[in-house]
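Just so you know, the protein sequences line up as chains A and B, in that order.
For the first sequence, position 121 matches number 121 in the working numbering, and the numbering has no gaps at all.
For the second sequence, position 58 matches number 58 in the working numbering, and the numbering has no gaps at all.
Read the hints as simulated data drawn from the structure, not as lab findings.
Since the structure is predicted, the reported quantities are computational estimates derived from the model, not experimental observations.
Every residue, glycine too, gets a C-beta built ideally from N, C-alpha and C.
Among these hints, one or two may not hold up.
[Unchecked claim] Here are some chain B residues pointing at chain A (derived, C-beta under 10 angstroms):
(1) A67
(2) V68
(3) A174
(4) A177
(5) I178
(6) S185
(7) A193
(8) P194
(9) L197
(10) G198
(11) V219
(12) D222
(13) E223
(14) F227
[Unchecked claim] The calculated lysine-lysine pairs, modelled on DSS-like cross-linking and capped at a C-alpha distance of 25 angstroms, are:
(15) B:K175 - A:K61
(16) B:K91 - B:K242
(17) A:K173 - B:K91
(18) B:K242 - A:K173
(19) B:K61 - A:K175
(20) A:K175 - B:K175
(21) A:K173 - B:K175
[To be verified] The following residues of chain A were derived to be distant from chain B, with all beta-carbon distances above 10 angstroms:
(22) G8
(23) R21
(24) P28
(25) V68
(26) G72
(27) A78
(28) D84
(29) L131
(30) D222
(31) I224
(32) T240
Chain residues, written in single-letter form:
There are 2 protein chains.
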Amino acid sequence: MHSNSQDGCAALAQESRRLIRQGGHTGPTAGLAPGCVQANLMILPDSLAGEFLLFCQRNPKPCPLLAVTEPGQYTVPALGRDIDIRKDVPKYRVWRHGELVAEPADLDAVWRDDLVTFVIGCSFSFEEALLADGIDVRHISMGVNVPMYRSSIPTAGTRSLHGPLVVSMRPMKAKDAIRAIQITSRFPSVHGAPVHLGDPSLIGIRDIHQPDYGDPVAVHADEIPVFWACGVTPQAVIHTVKPEFSITHAPGHMLITDVGNTSLASF
Amino acid sequence: MHSNSQDGCAALAQESRRLIRQGGHTGPTAGLAPGCVQANLMILPDSLAGEFLLFCQRNPKPCPLLAVTEPGQYTVPALGRDIDIRKDVPKYRVWRHGELVAEPADLDAVWRDDLVTFVIGCSFSFEEALLADGIDVRHISMGVNVPMYRSSIPTAGTRSLHGPLVVSMRPMKAKDAIRAIQITSRFPSVHGAPVHLGDPSLIGIRDIHQPDYGDPVAVHADEIPVFWACGVTPQAVIHTVKPEFSITHAPGHMLITDVGNTSLASF
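Pulled out of the complex, with its shape left as it was, chain A reads as follows (with noise of 0.2 angstroms):
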């Protein structure tokens, strides 16, 4: 599926990619290449990778994976001809049990033979088909980060991996948030269907104005407040267990890859 890249798209983001790498592009990704998949990475050292995995496996909704590669292999020629994954991101974050000690615009220095990638779908790809569907994304109108919570939901453990699901926030009028079902209904790949609507208190948050991460957003007296599952939980997870070693993407710098977003919609 995920190398049925579209006419068009590819283009656009290997040129996106061109510009990242050679320093032309050092802010977040959001704009960039419109219509292309944007990613989130986690980078883990193979002896953690395996448990990893499992935990994607038992948590697709959070954690759906775009692809994983081979130890110490840094491309991934099933999203983008020319990716390198230790080049392409505007800005990573470096890791060191559970500590974040740099943030580096490219892993020339930390690279390890030894380190596997995951590269795990994003909300931007279905916030694209709410938009084009005329649905308001209210933290994208307001120009701020989505709020993201914690919520009393648990993943799905393993022996050493995990916690509670974060989930993200999105404000919406009913009619829209029936049709904003429907429509990420169909992108399982990108977080698919909300997780909740209606009262946070049921799924453990207590304030819904109080985010535990990104930025508060206005709720109208004639919306509901609609739960995905938020590919935020299995960083939050990782660093429960502060592995020796690990890489992310810093918040909002993504991996742009030469997929559609349209590619991804299940029907």
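Dock chain B against the given chain A, drawing on the hints supplied.
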């Protein structure tokens, strides 16, 4: 699509219709011929049929047409090989100038050569799909009629036909509401996706415990009311113009067709 009867359903439906035609079953049809599509009937003089057809075309969610006959025609071969509209429903309602004048078991005494029959999809089909997925359908588990409400949502009117959308309500936990939206979206010919969820006052419903038709059902603290367009809408609308003559099925006494419920699924 509707001639694509499923093996097993045709035989079951034909047996049920034979029983009804012979007077062996005179009550509601819920539970008869499981898996087979049951349908609402609206029978009108040809003089009003054109405008009613236009109303249905403009309001497909409350008025999903499965078939429309020629004037005087009492067979519907697309929905069942031997259907006789005059005999195959256990109880009819005959209306003159908007007043209920009789509830006969067949139409032999009142049939006219100018009558056009509209066969309209019914929520039984999607409720079967919800139950099959393990979702509690409250009025079914309580053994009562579905609660229905005149909403403040207008229908798309024609020259003389207009009025509010009537909605049916099923309370659900958020998780089940999300799943129910996915399931019912697959059934556009039996009302399809909900039209509203959450706050009833946003669609003009003052008291969820006082439905305008049917029976009240319990709505628990962790549940959201979910509202679907209802097949009572066309009856309510047509009766505002007090047609000289019309016939409907009696509530719950439906036409059983040879079409399998699952064959209505759009994907």
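K173 of chain A paired with K175 of chain B [C-alpha distance capped at 25 angstroms] | Since the Cα atoms of K173 of chain A and K175 of chain B sit roughly 18 angstroms apart, the hinted pair holds (cutoff 25 angstroms).
Let me know if the C-beta of A174 of chain B comes in closer than 10 angstroms to any C-beta of chain A, holds or violated.
-> holds, 5 angstroms
Do the alpha carbons of K175 of chain A and K175 of chain B lie within 25 angstroms of each other, as the hint requires?
-> The given pair, whose Cα atoms are some 17 angstroms apart, holds under the 25 angstroms limit.
Reported absence of D84 of chain A from the contact zone with chain B (all CB gaps over 10 angstroms) = holds, 39 angstroms
Against chain A, is I178 of chain B within 10 angstroms by beta-carbon distance?
-> For I178 of chain B, the interface hint holds, since the closest Cβ of chain A sits about 6 angstroms away, which is under 10 angstroms.
Can we keep the V68 of chain B interface hint, with Cβ of chain A closer than 10 angstroms?
-> violated, 28 angstroms
Should the interface hint for P194 of chain B be scored as holding, given a Cβ-Cβ cut-off of 10 angstroms against chain A?
-> Since the shortest Cβ distance to chain A is 6 angstroms, the answer is holds.
Are all C-beta atoms of chain B more than 10 angstroms from that of L131 of chain A?
-> With a cut-off of 10 angstroms, L131 of chain A remains clear of chain B, as the shortest Cβ separation is near 20 angstroms.
Pair hint outcome, K242 of chain B versus K173 of chain A [Cα-Cα no greater than 25 angstroms] | Judged against 25 angstroms, a Cα distance of about 36 angstroms means the pair is violated.
Take a quick look at T240 of chain A and tell me if its Cβ sits farther than 10 angstroms from every Cβ on chain B, holds or violated.
-> holds, 26 angstroms
S185 of chain B as an interface hint toward chain A, with CB separation required under 10 angstroms | holds, 5 angstroms
Given as non-interface: R21 of chain A, which should sit over 10 angstroms from chain B by C-beta | Holds: least Cβ distance 40 angstroms, greater than 10 angstroms.
Of the numbered hints given earlier, the model fails hints 1, 2, 11, 17, 18, 30, 31; all others are met.
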